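Novice: Sequence:
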Amino acid sequence: MKRVVTRSFKCLCQSNKTTSVIGLIFRGAECPNSVRFLVQVSRSALTSWLINVLGGRIIRLVFRHGDRTPIVNFPTDLHKESEWPQGFGQLTQTGMKQLFELGQYMKKRYSDFLNSTYNRQEFYIQSTDYDRTIMSAQSYLSGLFPPTSSQIWNPELLWQPIPVHIFQKSTELNFPLPDCPRFDELQNETQTSSEFQKRIQPYMDIHNYTLPVWATKDVINKMEKLAELSLLSLFGLYKTEEKSRLQGGVLVNIILNSIKQAASSSKKRKMEVYSAHDTTIGALHIALNIFNGKLPPYASCQFFELYQESSGRYSIEMHYRNDSSKDPYLLTLPGCTSACPLEKFAELVSPVITENWSKECGRKDKTKDIFIGFDIAVGLLFIFDLVLLYLLYHYGRCRRRNNYQDI
835 MKRVVTRSFK CLCQSNKTTS VIGLIFRGAE CPNSVRFLVQ VSRSALTSWL
885 INVLGGRIIR LVFRHGDRTP IVNFPTDLHK ESEWPQGFGQ LTQTGMKQLF
935 ELGQYMKKRY SDFLNSTYNR QEFYIQSTDY DRTIMSAQSY LSGLFPPTSS
985 QIWNPELLWQ PIPVHIFQKS TELNFPLPDC PRFDELQNET QTSSEFQKRI
1035 QPYMDIHNYT LPVWATKDVI NKMEKLAELS LLSLFGLYKT EEKSRLQGGV
1085 LVNIILNSIK QAASSSKKRK MEVYSAHDTT IGALHIALNI FNGKLPPYAS
1135 CQFFELYQES SGRYSIEMHY RNDSSKDPYL LTLPGCTSAC PLEKFAELVS
1185 PVITENWSKE CGRKDKTKDI FIGFDIAVGL LFIFDLVLLY LLYHYGRCRR
1235 RNNYQDI
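Straight run, no breaks: the sequence shown in the numbering used here ends on number 1241.
Watch out, some of these pointers could steer you wrong.
Straight line, CA to CA, 25 Å or less: simulated PhoX-like cross-link-like pairs of lysine-lysine [said to hold, decoys possible]:
1. Lys1059 with Lys1128
2. Lys1160 with Lys931
3. Lys941 with Lys931
4. Lys1094 with Lys941
5. Lys1128 with Lys1094
6. Lys1160 with Lys1059
7. Lys1032 with Lys1094
8. Lys1128 with Lys1056
9. Lys1178 with Lys1102
10. Lys1073 with Lys1178
11. Lys1051 with Lys1073
12. Lys1178 with Lys1101
13. Lys1051 with Lys1128
14. Lys1059 with Lys1032
15. Lys1056 with Lys1104
16. Lys1160 with Lys942
17. Lys1104 with Lys1094
18. Lys942 with Lys1104
19. Lys1073 with Lys1160
20. Lys1102 with Lys942
21. Lys1032 with Lys1051
22. Lys1178 with Lys1094
23. Lys1102 with Lys941
24. Lys1104 with Lys941
25. Lys1160 with Lys941
26. Lys942 with Lys931
27. Lys931 with Lys1128
28. Lys942 with Lys1101
29. Lys1193 with Lys1073
30. Lys914 with Lys1051
31. Lys1032 with Lys1056
32. Lys1178 with Lys1104
33. Lys1128 with Lys1032
34. Lys1101 with Lys941
Cβ-Cβ distance ranges computed for the label pairs, FRET-style [to be verified]:
35. Asn1091 with Ser983: 28 to 38 Å
36. Thr1166 with Ser983: 33 to 43 Å
37. Thr928 with Val906: 17 to 27 Å
38. Ser1159 with Thr982: 39 to 49 Å
39. Gln927 with Leu992: 15 to 25 Å
Just so you know, the hints here were simulated from the structure itself, not pulled from any lab data. These figures come from a predicted structure and were not determined experimentally. Every residue gets a Cβ at the ideal spot worked out from N, C-alpha and C, and that includes glycine.
Build out the structure end to end from the sequences listed, making use of the hints.
Specialist: Written as structure tokens, this is what we have:
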């Protein structure tokens, strides 16, 4: 029986070059045709096995918040904001369940790698400063780290508080990033580009529908396609690389730096999570040139897995989970293999990473403006002092003359 297992694993080695480490472990075994059918394993399943056996290094994960109430409604909508328990733009119970399920899925996926209990040295989660993303992060944590043994502080409540860190405004990942004049210029250019005009034409008649008609299947489909085009045109379609440097590339750089730091450090955070928005995932996908043209659904999740090859080098795999009923899709960065060497990955994404975001955005240097304003103020004050001294001197001379005359 042991011999059959050994042969089976050698079949795996011969069928997939990324499993060369198994070839080192089971070197010398033969692989007859009679057992080849036993090892028809999918690439993604094999990778998961490898990560568990070798010890996954780090996971970086970005997800969209769960199902929410409308952000705004139509003026003629019969359902007003007051009818929603928490108002517009808030996470629903369905959304809570979606993120709880995602947490459970990740707990199961990394059960042989991630600590079964919360450990602040191994795990870190950040969220944009919105109720729905913060609550989504909390729901995710409930599924990922239910308290066990000593972490149970209330026997009647299998939940524990875990910190959700909020992005500082300077690093907010609610795309599009604001206060970027150059990006605003690119958006205006996109709206007038021939490619955008060509794609927008099929939807130009949508406003001809009255309220009782617009909700037909055909119109809903048009609205969905229009929303997809809106996301694409926001971060791509026209001068995509430059847009990505100003938007999605910012997140690419954050994730890449985090991965590099973990790969070179003895103290590694096993998992870092970002709770964000559909535009966050859309901007990230377009920057990486892996956008599928579809709106990221609620609780969709893009995650990066870094693991060490048998050679000692690190490789990155990208997975996208946009359907809880299916396994995540294994994505490939254009120009690389699905298991992309870390150095190659960094090289391929370098065109969308900027060294000076503010400068490329065309933002004014506020510090410089402050100093200029200060210089002007000092100059005006100096002139005022000169005028004042002159007036005092002139007034003094007049007073002396008057005194002399009085005497």
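Novice: So, for every hint listed, does it hold in this structure?
Specialist: How the hints compare with the structure:
no.	hint	in the structure
1	Lys1059 with Lys1128	holds (8 Å)
2	Lys1160 with Lys931	holds (17 Å)
3	Lys941 with Lys931	holds (15 Å)
4	Lys1094 with Lys941	holds (24 Å)
5	Lys1128 with Lys1094	violated (30 Å)
6	Lys1160 with Lys1059	holds (23 Å)
7	Lys1032 with Lys1094	violated (42 Å)
8	Lys1128 with Lys1056	holds (13 Å)
9	Lys1178 with Lys1102	holds (22 Å)
10	Lys1073 with Lys1178	holds (24 Å)
11	Lys1051 with Lys1073	violated (33 Å)
12	Lys1178 with Lys1101	holds (24 Å)
13	Lys1051 with Lys1128	holds (18 Å)
14	Lys1059 with Lys1032	holds (14 Å)
15	Lys1056 with Lys1104	violated (42 Å)
16	Lys1160 with Lys942	holds (15 Å)
17	Lys1104 with Lys1094	holds (13 Å)
18	Lys942 with Lys1104	holds (15 Å)
19	Lys1073 with Lys1160	violated (34 Å)
20	Lys1102 with Lys942	holds (21 Å)
21	Lys1032 with Lys1051	holds (23 Å)
22	Lys1178 with Lys1094	holds (12 Å)
23	Lys1102 with Lys941	holds (18 Å)
24	Lys1104 with Lys941	holds (13 Å)
25	Lys1160 with Lys941	holds (16 Å)
26	Lys942 with Lys931	holds (16 Å)
27	Lys931 with Lys1128	holds (23 Å)
28	Lys942 with Lys1101	holds (24 Å)
29	Lys1193 with Lys1073	holds (18 Å)
30	Lys914 with Lys1051	holds (23 Å)
31	Lys1032 with Lys1056	holds (15 Å)
32	Lys1178 with Lys1104	holds (22 Å)
33	Lys1128 with Lys1032	holds (19 Å)
34	Lys1101 with Lys941	holds (21 Å)
35	Asn1091 with Ser983: 28 to 38 Å	holds (35 Å)
36	Thr1166 with Ser983: 33 to 43 Å	holds (41 Å)
37	Thr928 with Val906: 17 to 27 Å	holds (20 Å)
38	Ser1159 with Thr982: 39 to 49 Å	violated (28 Å)
39	Gln927 with Leu992: 15 to 25 Å	holds (18 Å)
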